[in-house]
Amino acid sequence: MAASGPGASNSRIVRWIDYRLPFVKIVNHELYEYPTPRNLNYWWNFGSLAGIMLVIMIVTGVVLAMNYTPNSDMAFDSVQRIMRDVNYGWLLRYLHMNGASMFFMIVYIHIFRGLYYGSYKYPRELLWMLGVIILLLMMATAFMGYVLPWGQMSYWGATVITNLFSAIPVVGNKIVTLLWGGYTVGNPTLNRFFSLHYLLPFVIVAVVGLHLVALHTHGSNNPLGIDHKGPGDTIPFHPYYTVKDMFGLAVFLLIYAAIVFYAPNFLGDPQNYIPANPLQTPPDIVPEWYFLPFYAILRSMPSKLFGVLLLFSSILILFVLPWLDTSPVRSARFRPIYRWMFWLLVITVFALGWVGAHPPEGIFVTVGRIGTFYYFLHFLVLMPLVGKLERPKPLPLSIGAAVLGAAAPAGRH
Amino acid sequence: MAQAAQSQITLDHDDETRRDFLTLTATALGAVGIVSTIWPFISSLNPAQDTLALSTTAFDIKPIQVGQRLTTVWRGKPAFVARRRAREIRIPLGRNRGDPRGDYGGWFCPCRGSMYDTSGRCRARPAPLNLEVPPYKFTSNTAIKIG
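Top to bottom, those sequences are chains L and D. For the first sequence, this note's numbering begins at 1 and goes up steadily by one. For the second sequence, this note's numbering begins at 1 and goes up steadily by one.
Next comes chain D alone, as it looks inside the complex (with noise of 0.2 Å):
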C-alpha cells in the first residue's frame, strides 16, 4: 500500500515535469511562430525595391555659378548643391542679417523655428542636428552623384 502510494507521488512528479516541459516548448515554439509570421506584415511597411532603386541622382555642376545654390532631388527630399562665396566659406560663423529666410542666411524651418547658416549648419535650436549632408561622389570634375 504504502509502495503504491510511493509509485503514484513518483508518476505524479514525472508528469509534472513532463507537462512543464511540453507547455515551455510549445510555448517557445508558437512565440517563435508568432514573430516569424509578424515579421512580413512589419517588413512590407518599409521601403519596395522600387522605392530603393531611386535612391541615387546625377547632378551637372557645371553651370553652377558662384553664390548659386541649385536644388535637386534625392530621395524625394530637396537637396541643395552650393557653390558658396569665399566669405560664407571664409568666415563660417558670420551672421547675415536681413536676410528674410531666416537670420544666418540659410535655412529656416517653420515647424518649431529651427535656423541654419549657408551651409547648412543649425543655428537656432531645437534642430538636434545640422542638414543631413547626403553621401556624394565626383564621378567626373563637372559632375556628381548623390546616393
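Bound conformation, chain L alone (with noise of 0.2 Å):
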C-alpha cells in the first residue's frame, strides 16, 4: 500500500479511467494523503461510525421493505410476518429497530464532540449546518419509521406530531388535513410515511456527501482545537485512523449485538405491540428515548402554540451556533468557564430526557421548565456572554508540539 503511494498507478487500466474519471485519484487524494491531526482522541470515531451505521439502516431496511406492507389493514400483521415467518425477519427487524436508537447514539455523541471542542467554529459552520440539516432529515425519517408498524403507539405518536401543526394559526388544521390526506391518521398516511421514510435516507446519504465535502475542504477539527501548521503536526488518513475506526467499530458492533440479541425490546415501548386502535388512547403517550429531551421542551409549556415554537426552536438554535460562540479559542479544554457549562448542558438534556419519559405533573413539570430555560439560556445568553468575558488558558504552539512535548522536532513544524 506504502508502495502505490501518492501520485500516478502503474497500472494502464487504471491510467486509462483516472484520466477520463478520476475515481482512483480522489480515493487516493482523500484516504491516503488526506492529512489528519496526529492528536485525535476517541470521541473523533464516531463520525465514521454514523456513516456505518447509515448503511446498515439502508441495507436492513431494503430488505424489510420486501416483505412489508404499507397498508393500514396489513402493516401490524405484515410486521408479525416479518418477525415468525420470513427467514431472519425477526434479526434484520431487531437490528433496523435497535439501529435507529443506536443511529441516535452515535450522532448525539458526535454532536456533543463537537459542542466540546468547538468543531462549529471558523472554517467549519458550513459543514456543522449540513449536520444539523442531516439530524433533521433523521428526526424525520425515524418518526416516519416508528409509524409502520402500526401499533398503537405509532398510531397515537402520529397522531400528536402531525397535530403540532395545527397549532400554527389559521392554516394549522389545513396543514395537518394535506398532512394526514384525511380527517385522521389513517391509510393514506401510512402510505405516504412509508414512500417518504424510504426515500429520506438518500437523501441523508447526498448530505452526508456534502458533508464529507466540506470536512475534507479544511479537515478535521482536534482535541486542541488549533489548526495543524505542518507535516510534524499530521499523519495520513490511512491506515492510522482507518485502523483506529475499525477498532471503534468492533466495540460498538459488540454494544449493539448484545441488544440485537439479548434485550431487543429494551428500547422499545411494549404499547406498540398492540395493533392500532384509534378508539382507544394508551395510558401515557411517549415518544422513543432519543426524541424525549425535546418532548419535555414541548411539554414544558402551558400554551400549545408556545411550546411547539419552543420544540422547533431548540432545533434550529443549532443552525446559529457557530455565531453565537463569540469566543475564538475552540477547544473547551482551554476555556475554564465554558467547559463546566458545556457539562450544565449534558446535565440538562439527560434531566429532560427523564422529563420527557414521564406524565406532565408535579416535579416533572417543575424540572422540565427548568431544564427548558437553561437550555435556552445557554446557547442564547451565556454562550455569547462567556465568549467575551472568559480568560482562556494560553494555546499550545502546535498540534505537534502539545503531543511530543519538547522532544518534537523544531524543524519539522
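Some hints could be false.
[What the hints assert, rightly or not] Pairwise CB distance ranges, derived in the manner of DEER restraints: (1) L:Lys229 / D:Leu24: 51 to 57 Å; (2) D:Gly30 / L:Leu178: 23 to 29 Å; (3) D:Arg85 / L:Asp284: 27 to 33 Å; (4) D:Ile34 / L:Met66: 35 to 41 Å; (5) L:Phe23 / D:Gln49: 48 to 54 Å.
Bear in mind the hints are in silico, worked out from the structure with no lab data behind them. From the three backbone atoms N, C-alpha and C, an ideal C-beta is built for every residue, glycine too.
With the hints as a guide, dock the two chains, each given alone in a separate frame, to form the complex.
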C-alpha cells in the first residue's frame, strides 16, 4: 500500500480510467494523502460510525421493505410475519429497529463532541450546519419509520406529532389534513410515510456527501482545537485512522449485537405490540428515547403554540450556534468557564429526557421548565456572553509540540 | 459620425427595454407554469374522493340511557354521544373527584396532560380548544346524522 503511494498508478487500466473519471485519484487523495491531526481521540470515531450505521439502516431497510405491506389493515400483521415467518426476519427487524436507537446515540455523541471541542467554529460553520440538516432529516425519517408497524404507539405518536402543526394560526388545521390525507391518521398517512421513509435516507446520503466535502476542505478539528500547521502535526488518514475507526467499530458492534440478541425490546415501548386502535388512547403517549428531551421541551409550556415554537427553536438554534459562540478559542480544554457550562448542558439534556419519559405532572413539570430555561439560556445568553468575558488558558504552539512535548523536532513544523 | 453613434445608443437602449420585457414575461410565465405543475402534486396529498365520501355517520340514539355515553366513529375518529345526567348539565363547573380518567370526570389527554369535563370543555391546559363538536342534525326523534 505504501508502495502505491501518492501519485500515478503503474496500472494502465487505472490510468485509463483516471484520465476519464478520476476515481482512484480522488480516493487516493482523500484517504491516503488526506492529512489528519495526529492527536484525534476516540470521540472522533463517531463520524465514521454514523456513516456505517447509515449503511446498515439502508441495507436492512431495503430487505425489510420487500416483506412489509404499507396498508393500515395489513401493516401490523406483515411486521408480525417478518418476525415469525420470514427467514431471519426477526434479525433484520431487530437490527433496523435498534439500529435507529444506535444511530441517534452515535449522532448525539458526535454532536456533543462538536460542542465540546468547538468543531462548529470558523472555518467549519457550513460543515456544522449540514450536520444539523442531517439531524433534522434523521428525526423525520425515524418518526415516520416508527409509524410503519402500525401499533398503538405508532398511531398515537403520529397523531400527537402531526397535530403539532395544528398550532399554526389560521392554516394549521388545513396543513394537518394535508399531512394526513384524511381527517385522521389513517391509511393514506401510512402510505405516504412509507414512501418518504424510503426516500429520506437517500437524501441523507446526499447531504452526508456534502458534509464530507466540507469536512475534507479544512480537515478534522482536533482535541486542542488549533489548526495544523505542518507535516509534524498530521498523519495520513490511512492506515492510522482507518485502524482506529475499525477498532471503535468492533467495540460498537459488540454493544449493538448485545442489544439486538439479548435485549431487542429494551429500548422500545411494549404498547407498540398492540395493533393501532383509533378508539382507544394508550395510558401514556411517549416517543422513542431519542426524542424525549425535545418532548419535554414541548410539554414544558402551558400554551400549545408556544410549546411547539420552543420545540422547533430548540433544534433550529443549532444552525446559528457558530455565531452565538463569540469565543475565538475552539476547544473547551482551554475554556475554564465554558467547560462547566458544557457539562451543565449535558446534565440538562439528560434531565429533560427523564422528564419527557414521565407524565406531565408535579416535579416533572418543574424540572422540565427549569431544564428548558437552561437549554435556551445556555445557547442564547451564556454562549455569547462567556465567549467575551472568559479568559482562555494559553494555547499550545502546535499540535506536534503539545503531543510530543519538548522532544518535537522544531524543524518539522 | 456623431449621428451614427447616436443611433447606436438608441438601438442599445431599445434592445435593453425589449430584453427586460422578454425576461420579465418569460419569468412570470415560467413561475405560473411551475406553480400550476406543482399544484396537482400538493393537491394529491389532500383527502381523496373516497375518503371524503366517508364523512357522515348515522347513529341511533334510542338505546342510550341517562348517564350513558356511547362511542361511534366519525371520519376515523371516535365521536361520543352522551345523554348527560341532570347534574352534569346543571352544575357545569362542578368537579368530580376520584375519577380515574381525569379530575373532571371527562377526558384526559396523555400527550401533554390536558383535561376535559363531561361536556368536552377544556378544564386544564395546554389544549387551546374544547373538544370539537362535530356538525350533526336530528334526522328523526331518535336518530342523528353526524357530519
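Right, here's what the structure says about each hint:
{"no.": "1", "hint": "L:Lys229 / D:Leu24: 51 to 57 Å", "verdict": "53 Å, holds"}
{"no.": "2", "hint": "D:Gly30 / L:Leu178: 23 to 29 Å", "verdict": "25 Å, holds"}
{"no.": "3", "hint": "D:Arg85 / L:Asp284: 27 to 33 Å", "verdict": "29 Å, holds"}
{"no.": "4", "hint": "D:Ile34 / L:Met66: 35 to 41 Å", "verdict": "36 Å, holds"}
{"no.": "5", "hint": "L:Phe23 / D:Gln49: 48 to 54 Å", "verdict": "51 Å, holds"}
Taken one by one, the earlier hints all hold for this structure without exception.
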